[in-house]
Amino acid sequence: MSVQPAPLAADFPPGTGDFDFTSLIPSLRGSDLGLAFTKMTFMVWLGVALLIIFFLVAYRSPKLVPTKRQWLAESVYGFVRDGVAKEVIGREGIRFAPYLTTVFLFILVTNSFAIIPFFQISPNAHIAYPIILALLSYVLFIVAGVRKQGFVQYFKVNLFMPGIPWPLYFLITPIEFISTFLMRPVTLAVRLFANMFAGHLMLLVFTLGGVAMLGSANFFIKGLSVASFAMAIIMTFFEFMVVVLQAYVFTMLTASYVEGALAEQH
Amino acid sequence: MTDKQSPRSSEPGANAGMVALGTLLSGILVWGGVGALMDWWLGIPKHFGLLVGMVLGLALALYMIIKRFG
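Protein chains in written order, with this note's numbering: chain A, 1 to 266; chain B, 1 to 70.
In short, the hints are calculated from the structure, not lab data. Mixed in with the good hints there might be a few duds.
Stated by the list, open to error - Residues from chain B that keep clear of chain A, each with C-beta distances beyond 10 Å, as calculated:
id, residue
1, G22
2, L29
3, M38
4, W41
5, G43
6, M54
7, L60
Stated by the list, open to error - Calculated pairs, SDA-like style, for lysine to any residue (alpha carbon to alpha carbon, straight line, at most 20 Å):
id, chain 1, residue 1, chain 2, residue 2
8, A, K86, A, T102
9, A, K156, B, V19
10, B, K67, A, P162
Stated by the list, open to error - If the Cβ cut is set under 10 Å, some of the chain B residues that face chain A in the computed set are:
id, residue
11, A14
12, M18
13, T23
14, G57
Note that the Cβ used here is the ideal one computed from N, Cα and C, for glycine as well.
Isolated chain A (complex conformation):
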């Protein structure tokens, strides 16, 4: 038995119970309402507030020659509009640019909590948030497709592949249905969740591992904890890359699903 490392707030071998976040407001603990005020929801509120305040401040008095803040806000929106919406969906994509930008920035900010000290976990490491985000994109691309092509035509294009003998539809339509209307939202949610969750575990393993090794009686193991901490720092930079990439991938895939829904045939 090693000595219980002192600087850890949680119980030392962390368990799944650490993901049952309790209410930040002590009097609400145990009630249903209490779950509305946890560390997770606090981070989401904070992220949303930061985004709203940033864009309000940046556009408070827009100038023809932009200020630094306005330039930043405009270039982020411009990046998503030109780099994602226009490039993937085409000219029609511009009207989806506000949604895509919002999703991109929301995921970017909430993901960033994974590497910000004292937060150290992203709300997206909790499957509930990616599920809602994926559902939003899911509803968006179906509604966009139905409005563009009409209900019957949209499902005909998506479920019945042209140019194959009709008996095969019995075999192929279920596959089309699952791949378009089930796999897409599921993979969208799971990809974001799993990336953020795995990143969190990775950082935990190296940080807590380092602390545990430091508490060891063996001098050699104690020395090796330096390597563990170094790895934690390297992994934090790696995590930063994942944070940005996953926000981009989510936006990109949403755009490509919208593009697929708008296309007359694929």
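Use these hints to put chain B onto chain A, whose structure you have.
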């Protein structure tokens, strides 16, 4: 890190890849699932229905991918 999409450069290829992968997985999943249900329902021994279903789903998915992109 399931997606190694490089920004901007390979959009059509990456999208086609995602579609192909999704089709393959759903093909195997759907007909493998149906096969497994048949196993359970009819009491077929040795997961025979599951195996046949997965192979059938794979074949169908390949057919769809070839039809779509070939």
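query: Given the hint that A:K156 pairs with B:V19, does the C-alpha gap stay at or below 20 Å?
result: Satisfied, since the Cα-Cα distance of roughly 18 Å is no more than 20 Å.
task: Would you assess whether B:M38, listed as outside the interface, keeps its beta-carbon beyond 10 Å of every beta-carbon in chain A?
output: holds, 14 Å
field: Non-interface claim for B:M54 versus chain A (Cβ beyond 10 Å)
entry: holds, 13 Å
Reported absence of B:L29 from the contact zone with chain A (all CB gaps over 10 Å): B:L29 is in fact no farther than 10 Å from some Cβ atom of chain A, at 6 Å.
message: So B:W41 supposedly isn't at the interface. Is its beta-carbon more than 10 Å from every beta-carbon in chain A?
response: holds, 17 Å
- request: Would you check whether the claim that B:G43 is not at the interface survives, using Cβ distances to chain A and the 10 Å cut-off?
  value: The claim stands: B:G43 keeps its Cβ more than 10 Å from every Cβ of chain A (closest is about 24 Å).
field: Reported absence of B:L60 from the contact zone with chain A (all CB gaps over 10 Å)
entry: Not fine: 5 Å to the nearest Cβ puts B:L60 too close to chain A.
message: Is the interface hint satisfied for B:G57? The criterion is a beta-carbon contact with chain A at less than 10 Å.
response: holds, 7 Å
task: So, B:M18 near chain A? Judge it on the closest CB pair being under 10 Å.
output: Status holds, d = 7 Å.
Minimum Cβ distance from B:G22 to chain A greater than 10 Å, as the annotation requires: For B:G22, whose nearest Cβ neighbour in chain A is about 5 Å away, the distance does not exceed 10 Å, so it is violated.
query: At a threshold of 10 Å, is the proposed contact between B:T23 and chain A supported by beta-carbon distances?
result: Because about 5 Å separates B:T23 from the closest Cβ in chain A, which is inside the 10 Å limit, the hint holds.
query: Regarding the pair A:K86 and A:T102, is the alpha-carbon distance no greater than 20 Å?
result: holds, 16 Å
Comparing the model with each earlier hint shows violations of hints 1, 2 and 7; every other hint is respected.
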